[in-house]
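Colleague: What follows is each chain in one-letter form.
Number of protein chains: 2
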Amino acid sequence: MAATAVASPAIAQSSPELKWRMPTSWPKSLDTIYGAAEIMCKAVSDATDGKFQIQPFAAGEIVPGLAIVDAVQNGTVEIGHTASYYYFGKDPTFGFGTSVPFGPNFRLNQAWWTQAGGDALLNDFYKKYNARGLLAGNTGCQMGGWYRKEIKTVADIKGLKMRIGGFAGRVLERMGGVPQNIPGGEIYQALEKGTIDAAEWIGPYDDLKLGFHKVAPYYYYPGWWEGGLQLDLYVNRKAYDALSAENKAIIEAASAYAHVDMQAKYDARNPAALKQLVAQGAKLRPFPADVMAEAFKQSMGLYQELNTKNQNWNKVYGDYARFRSDQNLWFRFTEATFDRFMQAQKL
Amino acid sequence: MAATAVASPAIAQSSPELKWRMPTSWPKSLDTIYGAAEIMCKAVSDATDGKFQIQPFAAGEIVPGLAIVDAVQNGTVEIGHTASYYYFGKDPTFGFGTSVPFGPNFRLNQAWWTQAGGDALLNDFYKKYNARGLLAGNTGCQMGGWYRKEIKTVADIKGLKMRIGGFAGRVLERMGGVPQNIPGGEIYQALEKGTIDAAEWIGPYDDLKLGFHKVAPYYYYPGWWEGGLQLDLYVNRKAYDALSAENKAIIEAASAYAHVDMQAKYDARNPAALKQLVAQGAKLRPFPADVMAEAFKQSMGLYQELNTKNQNWNKVYGDYARFRSDQNLWFRFTEATFDRFMQAQKL
Numbered sequence: 101m102a103a104t105a106v107a108s109p110a111i112a113q114s115s116p117e118l119k120w121r122m123p124t125s126w127p128k129s130l131d132t133i134y135g136a137a138e139i140m141c142k143a144v145s146d147a148t149d150g151k152f153q154i155q156p157f158a159a160g161e162i163v164p165g166l167a168i169v170d171a172v173q174n175g176t177v178e179i180g181h182t183a184s185y186y187y188f189g190k191d192p193t194f195g196f197g198t199s200v201p202f203g204p205n206f207r208l209n210q211a212w213w214t215q216a217g218g219d220a221l222l223n224d225f226y227k228k229y230n231a232r233g234l235l236a237g238n239t240g241c242q243m244g245g246w247y248r249k250e251i252k253t254v255a256d257i258k259g260l261k262m263r264i265g266g267f268a269g270r271v272l273e274r275m276g277g278v279p280q281n282i283p284g285g286e287i288y289q290a291l292e293k294g295t296i297d298a299a300e301w302i303g304p305y306d307d308l309k310l311g312f313h314k315v316a317p318y319y320y321y322p323g324w325w326e327g328g329l330q331l332d333l334y335v336n337r338k339a340y341d342a343l344s345a346e347n348k349a350i351i352e353a354a355s356a357y358a359h360v361d362m363q364a365k366y367d368a369r370n371p372a373a374l375k376q377l378v379a380q381g382a383k384l385r386p387f388p389a390d391v392m393a394e395a396f397k398q399s400m401g402l403y404q405e406l407n408t409k410n411q412n413w414n415k416v417y418g419d420y421a422r423f424r425s426d427q428n429l430w431f432r433f434t435e436a437t438f439d440r441f442m443q444a445q446k447l
Numbered sequence: 101m102a103a104t105a106v107a108s109p110a111i112a113q114s115s116p117e118l119k120w121r122m123p124t125s126w127p128k129s130l131d132t133i134y135g136a137a138e139i140m141c142k143a144v145s146d147a148t149d150g151k152f153q154i155q156p157f158a159a160g161e162i163v164p165g166l167a168i169v170d171a172v173q174n175g176t177v178e179i180g181h182t183a184s185y186y187y188f189g190k191d192p193t194f195g196f197g198t199s200v201p202f203g204p205n206f207r208l209n210q211a212w213w214t215q216a217g218g219d220a221l222l223n224d225f226y227k228k229y230n231a232r233g234l235l236a237g238n239t240g241c242q243m244g245g246w247y248r249k250e251i252k253t254v255a256d257i258k259g260l261k262m263r264i265g266g267f268a269g270r271v272l273e274r275m276g277g278v279p280q281n282i283p284g285g286e287i288y289q290a291l292e293k294g295t296i297d298a299a300e301w302i303g304p305y306d307d308l309k310l311g312f313h314k315v316a317p318y319y320y321y322p323g324w325w326e327g328g329l330q331l332d333l334y335v336n337r338k339a340y341d342a343l344s345a346e347n348k349a350i351i352e353a354a355s356a357y358a359h360v361d362m363q364a365k366y367d368a369r370n371p372a373a374l375k376q377l378v379a380q381g382a383k384l385r386p387f388p389a390d391v392m393a394e395a396f397k398q399s400m401g402l403y404q405e406l407n408t409k410n411q412n413w414n415k416v417y418g419d420y421a422r423f424r425s426d427q428n429l430w431f432r433f434t435e436a437t438f439d440r441f442m443q444a445q446k447l
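As given, the protein sequences belong to chains A and B, one line each in that order. Residue numbering for the first sequence follows the working numbering, starting at 101 and increasing by one per position. Residue numbering for the second sequence follows the working numbering, starting at 101 and increasing by one per position.
Derived by calculation from the structure, the hints in this document are not laboratory data. It is possible that part of the hints are untrue.
All copies of an identical chain are treated as equivalent in the list; a pair is satisfied when it fits inside any one copy or across any two copies.
Only pairs whose alpha carbons sit at most 25 Å apart, straight line, appear in this in silico DMTMM-like list of lysine to aspartate or glutamate [unchecked claim]:
id : residue 1 : residue 2
1  : 348       : 146
2  : 142       : 352
3  : 348       : 117
4  : 190       : 161
5  : 119       : 146
6  : 446       : 419
7  : 142       : 341
8  : 446       : 405
9  : 119       : 149
10 : 314       : 426
11 : 252       : 138
Keep in mind it's a predicted model, so treat the numbers as computed, not measured.
With the hints as extra help, turn the sequences into a complete structure.
Modeller: Rendered as structure tokens:
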């Protein structure tokens, strides 16, 4: 038998053949998001009897939370778990990997990535950063954040100092608001002191832990800038290309497994958290129609500017926008009608 | 080195260590559903360098399409891909694995299975059939079928002869309709001749291929009996227990991968198919409000009966209904509002 000639893989069962380090953008307290990173790593180890081990790290442990793409690009680490839109300052095209204002929801994001242009177009773009992207989780549609005062009309956005991330901040700015960049751990105090008027974080499950409802009770929806916030794994191209075909298949399937698990966790945990928030005084409000309309108009304006200014953006946006348009046409029929009926029942 | 002592796995790289046969309930023409079976098998083979091979078979090739659970139960095959509700005649509890009328949509089904009682409760039930179930695909919310004449009121359901599957047929019967069991390949002719008045199949992508719109142009939505039709892999318990921990992890992740891929395929393909159907004369109609209300009332009545008559059903239903209720409360806020806004835009 040819056993001895190919025996080397068997040796490694007692110690890993391959050890990767995976920095993330998350504190461990974001247990659903950091949990997706852990679940992905465990799935890879389980599928290989520990021969391929990936160790996750919280933000800042080995790499700053917002420098994951850089660390993957320059080969400091083999893989990282992050939200691509944190890197929109390098190029706004990164936004598509996570979410752009009025982009697709969870289902459409997943379908665009898997079956339309997403994977191919974005991975072509990620090559410039020596990275291979993999679908790895989603939060679902986020909430629109916490406000000290009610937002009754689009005029109330003028001068509003709001903690809001990258891309959405640009839209808020076009609406007359003042976007602020504040780390998660400092938001509560800034809201309490009135240094800022509003802040967006994630959704009920994560927001409850930080207690924003105690200092800014108006809880708006929907989070139009994050209709389905997708997470990304970035693998260094050289490290990826060096993987065996089995290990490539294993990290791809493990990512899908973590992707399903993360969305399911948010869905399972948000309802109870929302009930608690409301019981503790959170006041749920939909954004006024003129706020939504203006935000939409300003977003589309921004995209048109980017289409003319940025070739990378333009290359992805056409496919993305066409897909979103076709999908929203179809989804308004059976999916939306079924959901609306169910949501109207006393169950 | 300990190489020679543990060399046997390495030998097998040239020929599979493990070969399973996987009958399915699908003709190959249902390329999205049968495709999920193929993708799952390929993912397992790819992750093991061909050491673990699962061969999919179309319905009837080695096992009749509706006898998958039986074949898994008695060990004729190690694994099968099917929709659990086909077996509701054995026990209606099987319905939860796929879809029951007014059950959860794709997101809620996935969340219930993965993070609430689904996996644990149903796998406890499947033990009676020597089977371990795995999440393996979804069609999304189906359409409500094709009708020769318009349905203007719930009175039009009286006497309606409709091709409709198992559980939904019981509800239709309670509404005065006459459910018919007709294989997919014979529906067109039955509609054309008027032997039946209506038929439900899946959604635009699959329905277009069978051409029902030419003989029954009224295309209703939503498919209230299939708000998110989930597919199942059943693994024979003995075969499952004999798997190594790695292979258990590999089939679990491969199922999740196929699950994501299948829903994404339906989402990506349905919009173009719907456009074609409408261009070829299909007349899209929402079910009248009184039809929906009566179907809901009769479904809840049926569930209450089953709660008192069937212990297995009762054990699952409580958890399922509570989860559905909590979820529909939460989803009406940010998710539904975001989707409704997007669907109302001219994009």
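Colleague: Each hint needs a verdict: does it hold in this structure or not?
Modeller: Hint check results:
For the homomeric pair residue 348 and residue 146, the shortest alpha-carbon distances inside one copy (15 Å) and between copies (9 Å) are both at most 25 Å. Taking CA atoms no more than 25 Å apart as the test, residue 142 paired with residue 352 passes in both settings, with 13 Å inside one copy and 13 Å between copies. For the identical chains of this complex, residue 348 and residue 117 are neighbours both inside a copy (15 Å) and across copies (21 Å), given an alpha-carbon limit of 25 Å. Proximity of residue 190 to residue 161 under the C-alpha cut-off of 25 Å is restricted to the intra-copy arrangement: shortest distance 23 Å within a copy versus 54 Å between copies.
Taking the shortest Cα distances, residue 119 and residue 146 sit within 25 Å of each other both inside one copy (14 Å) and across copies (21 Å). When the C-alpha separation of residue 446 and residue 419 is checked against a cutoff of 25 Å, the pair qualifies only between copies, where the shortest distance is 16 Å, while the shortest distance within a copy is 40 Å. In the homo-oligomer, the alpha carbons of residue 142 and residue 341 lie at most 25 Å apart both inside one protomer (22 Å) and across protomers (20 Å), since each shortest distance falls under that limit. For a Cα distance limit of 25 Å, the shortest separation of residue 446 from residue 405 across copies, 19 Å, qualifies, whereas the shortest one inside one copy, 46 Å, does not.
In this assembly of identical chains, residue 119 and residue 149 lie within 25 Å of each other by CA distance both inside one copy and across copies; the values are 13 Å within and 20 Å between. Taking identical chains as interchangeable, the C-alpha atoms of residue 314 and residue 426 lie at most 25 Å apart only when they sit on different chains, with a minimum of 24 Å there against 41 Å within one chain. Taking the closest pair of Cα atoms, residue 252 and residue 138 never come within 25 Å of each other, the shortest separation being 42 Å inside a single copy and 53 Å across copies.
In the structure shown, a violation is registered for the earlier hint numbered 11 alone.
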